[in-house]
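Q: Read off the chains here:
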Amino acid sequence: MTAASARRTLATLFATLLSGTVLFIAGCGGGGGDNNNTAPPASTPTPTANQVKVTVGPNVFRNPNSLVTSVTICVPGTGTCQTIDNVLVDTGSFGLRLMASAVSIALPQVTANGGIAAECVAFASGTTWGAVRQADIKLAGEVASAASVQIIGDSTVPNAPSSCLGQGVQDISTADALGSNGILGVGLQSADCPACANTPLSGAYYNCTSATQCQPATLPVALQVTNPVSLFASDNNGVVIQMPAVPVLGQFSASGTMTFGIGTQANNGLGSAKVYTVSPTRGTFATQYNGVTISDAFIDSGSNGLFFDDSSITQCGDAPGLYCPASTLSRTATIQGLNGATASIPFSVGNVDQMLATGAYAMAGFAGTGSGVFDWGLPFFFGRTVYTAINGRPTPGGNGPYFAF
Amino acid sequence: MKADRRDWLAYRWLGLACLALSPLAHAVLGGAAATVETDKARMFASGTVQPGAQYTVHEMTLPRGTVVREFVNPAGVVFGVAWDGPAMPDLRQLLGDHLPEAASGVQAVRRARGGIGPVSSSSDTLVIQSGGHMGNFRGRAYLPQALPAGVSPDVIQ
Chain V
1 MTAASARRTL ATLFATLLSG TVLFIAGCGG GGGDNNNTAP PASTPTPTAN QVKVTVGPNV
61 FRNPNSLVTS VTICVPGTGT CQTIDNVLVD TGSFGLRLMA SAVSIALPQV TANGGIAAEC
121 VAFASGTTWG AVRQADIKLA GEVASAASVQ IIGDSTVPNA PSSCLGQGVQ DISTADALGS
181 NGILGVGLQS ADCPACANTP LSGAYYNCTS ATQCQPATLP VALQVTNPVS LFASDNNGVV
241 IQMPAVPVLG QFSASGTMTF GIGTQANNGL GSAKVYTVSP TRGTFATQYN GVTISDAFID
301 SGSNGLFFDD SSITQCGDAP GLYCPASTLS RTATIQGLNG ATASIPFSVG NVDQMLATGA
361 YAMAGFAGTG SGVFDWGLPF FFGRTVYTAI NGRPTPGGNG PYFAF
Chain C
1 MKADRRDWLA YRWLGLACLA LSPLAHAVLG GAAATVETDK ARMFASGTVQ PGAQYTVHEM
61 TLPRGTVVRE FVNPAGVVFG VAWDGPAMPD LRQLLGDHLP EAASGVQAVR RARGGIGPVS
121 SSSDTLVIQS GGHMGNFRGR AYLPQALPAG VSPDVIQ
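Note that the protein sequences, when read in sequence, are chains V and C.
Those letters in the first sequence? Residues 1 to 405, per this note's numbering, in order.
Those letters in the second sequence? Residues 1 to 157, per this note's numbering, in order.
One or more of the hints may lead you astray.
To be clear about the criterion: a stretch of chain C counts as covered by chain V if any three or more of its residues have a C-beta under 8 Å from a C-beta of chain V, and this derived list gives those stretches [said to hold, decoys possible]:
| id | segment |
| --- | --- |
| 1 | 101 to 107 |
| 2 | 110 to 118 |
| 3 | 134 to 141 |
Cβ pair distances, simulated, as ranges [as the list claims (entries may be wrong)]:
| id | chain 1 | residue 1 | chain 2 | residue 2 | range |
| --- | --- | --- | --- | --- | --- |
| 4 | V | ILE313 | C | ALA75 | 29 to 37 Å |
| 5 | V | SER312 | C | GLN50 | 27 to 35 Å |
| 6 | V | PRO396 | C | THR48 | 19 to 27 Å |
| 7 | V | SER295 | C | ALA53 | 36 to 44 Å |
| 8 | C | PRO74 | V | GLY114 | 23 to 31 Å |
| 9 | V | PHE252 | C | ALA32 | 33 to 41 Å |
| 10 | V | SER162 | C | GLN50 | 57 to 65 Å |
| 11 | V | THR358 | C | SER152 | 34 to 42 Å |
| 12 | C | ASP154 | V | PRO45 | 56 to 64 Å |
| 13 | C | VAL49 | V | ASP310 | 31 to 39 Å |
What the hints contain is simulated information worked out from the structure, not anything from laboratory work.
Note that the structure is a prediction, hence the values are computed from the model and not measured.
Every residue, glycine too, gets a C-beta built ideally from N, C-alpha and C.
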């Protein structure tokens, strides 16, 4: 048995155990947000529970700096539910994507154009391929009803077409390659491909009409995989992620919160946070580093390090692309929003191999090369409260899209 | 969008014609400069050429707005490709036979150290970096041994 298959078996075992547990809990009927009809009249309505726990720590995928949470999905309009753990919290994408291997309830498929809808998604690290199905997505007391979800590796659709596989360096349609049970995209947009409503595009939505044939196809925005936060009845203008500070060279684990809504309840106000607006199409602002202005800069909880180019920093021996300086380096970069707001950000670059050797999973100094971008990944979130506001949604800090901290 | 769609329809037929006539499954990294035209047709792109003393840059814009630059050395060999835009280009087309090497390089790094986010792999024969996030991608790949003398890989952007 290879190490990879052993990990896979373990992952499956964990998923099975957890899904069983959760089905039991769901069966016990902890009231969701659906009990309005029977609620007694009250002068002050109880606010919707809008906060979930997010963690970084040991995981079966051995991924460092992987920020994850648990997501409950239900067959739409029913009490048939399942909670899936180890789902990546990603401010760099939009919509919920789950590994078919982790899903044990039968979710209805989305059909359009006379066939089954499937989706190909390009991430920085590779492509995911799978069917589009619908689920009620429940996070704390919030519900996204009958939301489209990508089920990665769904065996009811044919294998990924070559036009999909070409969109990435590798296919990451397995839990091992993905490094999680799914991705919860809570980023700056709502629907993931508005242009796909009118034009069939390679590497986006497909229509599968037989066991072997899938063709690029249009899909109405309402049926597209969509940021579930944007579908909540309230607290639907963004998310607030708060994480504790962790050492540069790391610690075993860390836990924080993700709160839904910005300025909608007592627990998600902007406070003293400053707003940095971004390009409404690309989600980017500028970052100045080493005297150079990088226009392609962004905050992304789904990247596990700070990724930027600095040829003066030693890269790890057999892992070029990650930094392994002999001793920890102190650096500073300046974030500049499109609105002109600036922030000087001091950060540290540690030795990645040294961190991993300690068995740490949550490290502030994890960094690597950037190929022309400045990617403020998970280390940026440690010791901060970071607001991600959805495009076009009003907030006390103005309309999204923006990041605030 | 309308202009994009016209381009798309026009080039679609050109692309299909090339697909039918050419036995060459892939261009372009490491291929001859002429393969740039194959790439343009296959990816339904419009483009320009910027000749230079040390190398020539062929720039093309894909229907979804992503800009691809292909760098050709004086021997007429494509030594680098770079992309930047809202959608990934077709890497099978751009990297051709080098894509499997890129994938295995990236997977080796991931196996050793885990990781999520941008990917990177580097060897004597191929360097690739791919980063960004949904709606915004940037990356590049080049053949270190085909770089023109005195040219830094930094130009491949």
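Q: Among the hints numbered above, which are violated by the structure, and what are their numbers in rising order?
A: Result: hints 6, 7, 8, 9, 10 break, sorted rising.
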